[in-house]
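Going down the list, the protein sequences come from chains A and B. When we follow our numbering, the leftmost residue of the first sequence carries the number 11, and every step to the right adds one. When we follow our numbering, the leftmost residue of the second sequence carries the number 488, and every step to the right adds one.
Fair warning: there could be bad hints in the mix.
[As the list claims (entries may be wrong)] Within a straight-line C-alpha distance of at most 30 Å, the following computed DSS-like cross-link-like pairs (lysine-lysine) qualify: (1) B/669 - B/865; (2) B/632 - B/527; (3) A/246 - B/727; (4) B/779 - A/31; (5) A/31 - B/727; (6) A/65 - B/532; (7) B/510 - A/31; (8) A/246 - A/261; (9) B/510 - A/69; (10) B/756 - B/767; (11) B/527 - A/246; (12) A/69 - B/532; (13) A/31 - B/632; (14) A/31 - A/213; (15) B/510 - A/203; (16) B/532 - B/510; (17) B/532 - A/203; (18) B/727 - B/510; (19) B/756 - B/779; (20) A/65 - A/121; (21) A/37 - B/756; (22) B/510 - A/63; (23) B/632 - A/203; (24) A/213 - B/865; (25) A/65 - B/510; (26) A/63 - B/632; (27) B/532 - A/213.
[Stated by the list, open to error] Stretches of chain A that chain B covers, calculated by requiring three or more beta carbons in the stretch to come under 8 Å of a beta carbon on chain B: (28) 77–87; (29) 196–204.
It is worth saying that the hints were derived from the structure and are not from the lab. In this text, all values refer to a predicted model and were calculated from it rather than measured experimentally. Beta carbons: idealized from backbone N, C-alpha and C, even for Gly.
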Amino acid sequence: MKILVCIKQILDPDMPARDFKVNAETKEAERGGANLVTNIFCENALETALQIKEKTSGKVTALSYGTDDTEDSLRKALAMTVDEAALILREGDSNPDAEAVAKVLAAAITKLGEFDLILMGRESGDWGVGQTGGLLAEELGLPSLAFVDSIEANDGTLTMRRQTDSGTETATVTGPALALITNNEFNVPRIPKTRDVMMSYRKPLEKFSLADIGLSAEDVSGSSFYEVTDLSIPTKDVQCEFVEGDSIDEKIGVLASKIQPVVAANS
Amino acid sequence: MDRQLYEPVHGAFREAVRQFLGKEVVPHHEQWLERGNIDKRMFRKAGEQGLLCVSAAEQFGGTGVADFRYNCVLNEEIQAAGVTSSGLCMTLHNDICFPYFQRLANDEQRERWMPGLVDGSLMSAIAMTEPSIGSDLASMSSSAKDDGDAYIVNGSKTFITNGINADLVIVAVKTDPTQRHKGMSLLVIEEGMEGFERGRNLDKIGLKSQDTAELFFSNVRVPKSNLLGQEGEGFLNLVKHLPQERLSIAVTAVAHCRWAFEETLRYVKERDAFGQPIGKFQNSQFVLATLKTEIEIGQVFIDRQIEALNEGSLTAEDAAMGKWWVTELQQRVMDRCLQLHGGYGYMTEYPISRAWADSRIQTIYGGTTEVMKMIIGKSLGL
Numbered sequence: 011m012k013i014l015v016c017i018k019q020i021l022d023p024d025m026p027a028r029d030f031k032v033n034a035e036t037k038e039a040e041r042g043g044a045n046l047v048t049n050i051f052c053e054n055a056l057e058t059a060l061q062i063k064e065k066t067s068g069k070v071t072a073l074s075y076g077t078d079d080t081e082d083s084l085r086k087a088l089a090m091t092v093d094e095a096a097l098i099l100r101e102g103d104s105n106p107d108a109e110a111v112a113k114v115l116a117a118a119i120t121k122l123g124e125f126d127l128i129l130m131g132r133e134s135g136d137w138g139v140g141q142t143g144g145l146l147a148e149e150l151g152l153p154s155l156a157f158v159d160s161i162e163a164n165d166g167t168l169t170m171r172r173q174t175d176s177g178t179e180t181a182t183v184t185g186p187a188l189a190l191i192t193n194n195e196f197n198v199p200r201i202p203k204t205r206d207v208m209m210s211y212r213k214p215l216e217k218f219s220l221a222d223i224g225l226s227a228e229d230v231s232g233s234s235f236y237e238v239t240d241l242s243i244p245t246k247d248v249q250c251e252f253v254e255g256d257s258i259d260e261k262i263g264v265l266a267s268k269i270q271p272v273v274a275a276n277s
Numbered sequence: 488m489d490r491q492l493y494e495p496v497h498g499a500f501r502e503a504v505r506q507f508l509g510k511e512v513v514p515h516h517e518q519w520l521e522r523g524n525i526d527k528r529m530f531r532k533a534g535e536q537g538l539l540c541v542s543a544a545e546q547f548g549g550t551g552v553a554d555f556r557y558n559c560v561l562n563e564e565i566q567a568a569g570v571t572s573s574g575l576c577m578t579l580h581n582d583i584c585f586p587y588f589q590r591l592a593n594d595e596q597r598e599r600w601m602p603g604l605v606d607g608s609l610m611s612a613i614a615m616t617e618p619s620i621g622s623d624l625a626s627m628s629s630s631a632k633d634d635g636d637a638y639i640v641n642g643s644k645t646f647i648t649n650g651i652n653a654d655l656v657i658v659a660v661k662t663d664p665t666q667r668h669k670g671m672s673l674l675v676i677e678e679g680m681e682g683f684e685r686g687r688n689l690d691k692i693g694l695k696s697q698d699t700a701e702l703f704f705s706n707v708r709v710p711k712s713n714l715l716g717q718e719g720e721g722f723l724n725l726v727k728h729l730p731q732e733r734l735s736i737a738v739t740a741v742a743h744c745r746w747a748f749e750e751t752l753r754y755v756k757e758r759d760a761f762g763q764p765i766g767k768f769q770n771s772q773f774v775l776a777t778l779k780t781e782i783e784i785g786q787v788f789i790d791r792q793i794e795a796l797n798e799g800s801l802t803a804e805d806a807a808m809g810k811w812w813v814t815e816l817q818q819r820v821m822d823r824c825l826q827l828h829g830g831y832g833y834m835t836e837y838p839i840s841r842a843w844a845d846s847r848i849q850t851i852y853g854g855t856t857e858v859m860k861m862i863i864g865k866s867l868g869l
């Protein structure tokens, strides 16, 4: 089975909150000294793909659209034992929107060949838009399923389980298909082993420009179906008050009297 | 300053190490500190992860890549994760014990021990110090008498790191008591050999989750096939390996300093006194500016020594200079950083207090500061 996994590199969500800054003018987060890491749901997708490959054989390709820094995430994917990787180099400084990314990924996938299964993370940990997967499926004309937490591959049939608000649903599809992966206890990303880390720097990693995949900068700019009008960090206003009282019952009574108006005002 | 030592592949390895420590060591560190020992299953997992004996030949499960920088990345990340004592079993095994097997083991011994040393099923230790001798190794009294196809070993060793958990112990013994240096040999004594007993887990002021023990040998019959290197060349082999051991300690020292500095910098920005963060006071700025400068100097010095080790040109004198200078720096850094934490710095719940205690041994083991200066002094023709 040939599987392609689209991955995204983002600012480390575990960076200290005090170090997180946004640029109000460009309406983007500032990197500062933060690390760049692979989006966690993308790593869940990688793990899912590798487990399918290990059970059925085949090949896993990782694909990303980003800057030269994104090579680190693709090398990590290779260290997780992905077979090959491709990077489409972004042009310009600003982050593209979901529609633009879907266009680029679709053109890249068309160039890279045919795949039985395309996996992505359900959303990214920076903007959390969660639109790219659906738009990519539309571009490629593939069936897609979101919030998938496990996939079984048998005789060309893919059985996908997706999480819903009320439980799970199971769907069966013959490839090619696209799934947006969410996390579960079975797709926790593996930690690359030392030998595989070393080998990851000897595996093929192709870099393409937009022109290489038949696109121009104009094709992927100005396509916004939404606009970020403002970007700011919420200010926290913490007020602390100690409830006074001679007994627990009295304190509970005082506390209740303070809460009741707030509850009433918000109900 | 940007470090020029590492390549991108080391960065990728560093991330994998960080993930491993975050999953397998950090969550258990407090518990291991309390019980005075690690859970040995962690060591086995480190082997499965490929973190042990990285340079071992591929046929034994290693990578065959002889690059000490991988050892250093593991060491640095152990310090950065604040788990100095729980991680020491790995750095001791990798940096200090494994080179003896790598360089001295014959083919049969390699087949027998290498796979286990790499996959973590065999933890190693090295036993030199005895209750009555430390730096003066030639005066050791542990003996190994020739008895046909075996040696009969008697004696005791003390302050042995990994002493409780080790499966293989490289023991320095006198095979010829009439000689001093030339009478020493190295034997590998294995867990379960009759007459080999371990004493109690020694109670130290720091490195609380690191097992340190006395070892006793009473008529232990050690097959001659467990002789590591040639008979009578034990001292020579110890001396040859000491520069790497000392560099490993120095790497620990600088990485530990960096961790303590960052901890303290964060603290002085958050802790208020007299209406402002204590980091705003000129004294705090001067202290931290001095430490920052010295740590950077130490880092450059040690990075160059790591390169020299990889090139095969690290001398005993250079390693001695690095070891004494950065471990003494480590004492200053820990002391000054603890001071900036005030009373909280004296409380064991604050990591800086443990780091202060953990660091104290660094100017002692692997050769004291005084011995390091003797080595340097001799090299000056004095």
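For each hint, the structure was consulted:
With a C-alpha separation of about 20 Å, the suggested pairing of residue 669 of chain B with residue 865 of chain B holds against the 30 Å cut-off. As the CA atoms of residue 632 of chain B and residue 527 of chain B are separated by approximately 33 Å, the hinted pair breaks the 30 Å bound. Under the criterion of a C-alpha separation no larger than 30 Å, the hint pairing residue 246 of chain A with residue 727 of chain B is inconsistent with the structure, at around 60 Å. About 26 Å separates the Cα atoms of residue 779 of chain B and residue 31 of chain A, which keeps this hinted pair within 30 Å; it holds.
Among the hinted pairs, residue 31 of chain A with residue 727 of chain B is inconsistent with the structure: their alpha-carbon atoms are about 52 Å apart, more than 30 Å. Distance restraint check for residue 65 of chain A and residue 532 of chain B: the Cα-Cα separation of roughly 24 Å lies within the 30 Å cut-off, and the hinted pair is therefore satisfied. Our distance criterion of 30 Å between C-alpha atoms is met by residue 510 of chain B and residue 31 of chain A, whose separation comes to about 29 Å. Straight-line distance between C-alpha atoms of residue 246 of chain A and residue 261 of chain A comes to about 27 Å, which keeps the hinted pair within the 30 Å bound.
Distance hint between residue 510 of chain B and residue 69 of chain A is fulfilled; the C-alpha atoms sit about 29 Å from each other, no more than 30 Å. For the hint pairing residue 756 of chain B with residue 767 of chain B, the CA-to-CA distance comes to about 8 Å; that is within 30 Å, so the pair holds. At most 30 Å may separate the alpha-carbon atoms for a hinted pair to count; residue 527 of chain B and residue 246 of chain A exceed this at roughly 45 Å. Of the supplied pair hints, the one linking residue 69 of chain A and residue 532 of chain B holds, its CA atoms being roughly 28 Å apart against a limit of 30 Å.
With a C-alpha separation of about 70 Å, the suggested pair residue 31 of chain A and residue 632 of chain B falls outside the 30 Å cut-off, and the hint is violated. In summary, the hint linking residue 31 of chain A to residue 213 of chain A is not supported, as the alpha carbons are separated by about 36 Å, beyond the 30 Å threshold. At most 30 Å may separate the alpha-carbon atoms for a hinted pair to count; residue 510 of chain B and residue 203 of chain A meet this at roughly 14 Å. With a C-alpha separation of about 11 Å, the suggested pairing of residue 532 of chain B with residue 510 of chain B holds against the 30 Å cut-off.
Simply put, residue 532 of chain B and residue 203 of chain A have alpha-carbon atoms about 11 Å apart, close enough for the 30 Å limit, and the pair holds. A hinted pair counts as satisfied when its Cα atoms are at most 30 Å apart, and residue 727 of chain B with residue 510 of chain B does not qualify at roughly 36 Å. Straight-line distance between C-alpha atoms of residue 756 of chain B and residue 779 of chain B comes to about 16 Å, which keeps the hinted pair within the 30 Å bound. Our distance criterion of 30 Å between C-alpha atoms is met by residue 65 of chain A and residue 121 of chain A, whose separation comes to about 27 Å.
Taken as a hint, the residue 37 of chain A and residue 756 of chain B pair is honoured in the structure, with Cα atoms around 28 Å apart against an allowance of 30 Å. Straight-line distance between C-alpha atoms of residue 510 of chain B and residue 63 of chain A comes to about 25 Å, which keeps the hinted pair within the 30 Å bound. Pair hint residue 632 of chain B plus residue 203 of chain A does not hold up; C-alpha atoms about 44 Å apart against a cutoff of 30 Å. Among the hinted pairs, residue 213 of chain A with residue 865 of chain B is inconsistent with the structure: their alpha-carbon atoms are about 50 Å apart, more than 30 Å.
Straight-line distance between C-alpha atoms of residue 65 of chain A and residue 510 of chain B comes to about 26 Å, which keeps the hinted pair within the 30 Å bound. Of the pairs offered as hints, the one joining residue 63 of chain A and residue 632 of chain B is violated, with about 58 Å between alpha carbons and a cut-off of 30 Å exceeded. Distance hint between residue 532 of chain B and residue 213 of chain A is fulfilled; the C-alpha atoms sit about 26 Å from each other, no more than 30 Å. Figure legend: the segment 77–87 of chain A, annotated as covered by chain B; annotation consistent (3 residues with Cβ-Cβ distances under 8 Å, at least 3 required).
For the segment 196–204 of chain A, the stated coverage by chain B is satisfied: 4 residues place a CB nearer than 8 Å to a CB of that chain, which reaches the threshold of 3.
Hint check: violations occur at hints 2, 3, 5, 11, 13, 14, 18, 23, 24 and 26; the rest are consistent with the structure.
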